[in-house]
Amino acid sequence: EAAVTQSPRNKVAVTGGKVTLSCNQTNNHNNMYWYRQDTGHGLRLIHYSYGAGSTEKGDIPDGYKASRPSQENFSLILELATPSQTSVYFCASGEGGRAEQFFGPGTRLTVL
Amino acid sequence: QQKVQQSPESLTVSEGAMASLNCTFSDGTSNNFRWYRQHSAKGLEVLVSIFSDGEKEEGRFTAHLNRANLHVSLHIREPQPSDSAVYLCAVSEQGGSAKLIFGEGTKLTVSS
Numbered sequence: 288e289a290a291v292t293q294s295p296r297n298k299v300a301v302t303g304g305k306v307t308l309s310c311n312q313t314n315n316h317n318n319m320y321w322y323r324q325d326t327g328h329g330l331r332l333i334h335y336s337y338g339a340g341s342t343e344k345g346d347i348p349d350g351y352k353a354s355r356p357s358q359e360n361f362s363l364i365l366e367l368a369t370p371s372q373t374s375v376y377f378c379a380s381g382e383g384g385r386a387e388q389f390f391g392p393g394t395r396l397t398v399l
Numbered sequence: 002q003q004k005v006q007q008s009p010e011s012l013t014v015s016e017g018a019m020a021s022l023n024c025t026f027s028d029g030t031s032n033n034f035r036w037y038r039q040h041s042a043k044g045l046e047v048l049v050s051i052f053s054d055g056e057k058e059e060g061r062f063t064a065h066l067n068r069a070n071l072h073v074s075l076h077i078r079e080p081q082p083s084d085s086a087v088y089l090c091a092v093s094e095q096g097g098s099a100k101l102i103f104g105e106g107t108k109l110t111v112s113s
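Those protein sequences? They're chains W and Z, same order as listed.
Going by this note's numbering, the first residue of the first sequence is number 288, and it counts up by one from there.
Going by this note's numbering, the first residue of the second sequence is number 2, and it counts up by one from there.
So the derived label-pair ranges between C-beta atoms look like this:
no.	chain 1	residue 1	chain 2	residue 2	range
1	Z	GLU46	W	HIS328	14 to 22 angstroms
2	W	GLY340	Z	PRO9	40 to 48 angstroms
3	Z	SER112	W	GLY384	38 to 46 angstroms
No lab work stands behind these hints: they were computed from the structure.
Ideal Cβ positions, reconstructed from N, Cα and C, are used throughout, including at glycine.
Please build the complete structure, drawing on both the sequences and the hints.
Written out as structure tokens, the structure is:
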């Protein structure tokens, strides 16, 4: 089974600060995804990637950047964090098409 | 864009009774539907993936898909207290990204 890990698991940040959330997968999947989960909205896609060097905007990309420096790693970057970005963030990996997406354990981010 | 809605918001069933969860979607051209389970503060666990109209069984979990009616359901046979969790319906958009559109979830409580 694919292993997707996220760090940190919990993060408290200040408004205006820079936050980087990291994701690592060990199953050599091409596609990686960043979602956020909020009460009343389910999970929503922020950014995704088809492979090293590629990033694509998802459904709610404003205020976020993404970086895919290697097959294994995919980062989500909040250059200027705002309280509205307080949420639980999930990373996932998969092969696309009908293949399963495997999710990490989530990162709880609080922006004060 | 695909819209996904789940009902009911919450459901309580007795141990051993059948639990039925519903999911409606707006675009019937999708052919990739998944049900996930999420225990409190944990990642997502895929339960059933279904790609064509009809029924798909995975152990105690059965999904029914009817794209003409824009409806997919999940039935849990003999639910146990350990099945208490949030259940998420997800529909994959057409195309190589395979990005998922999630419903808001149904919180299931199984009482012993």
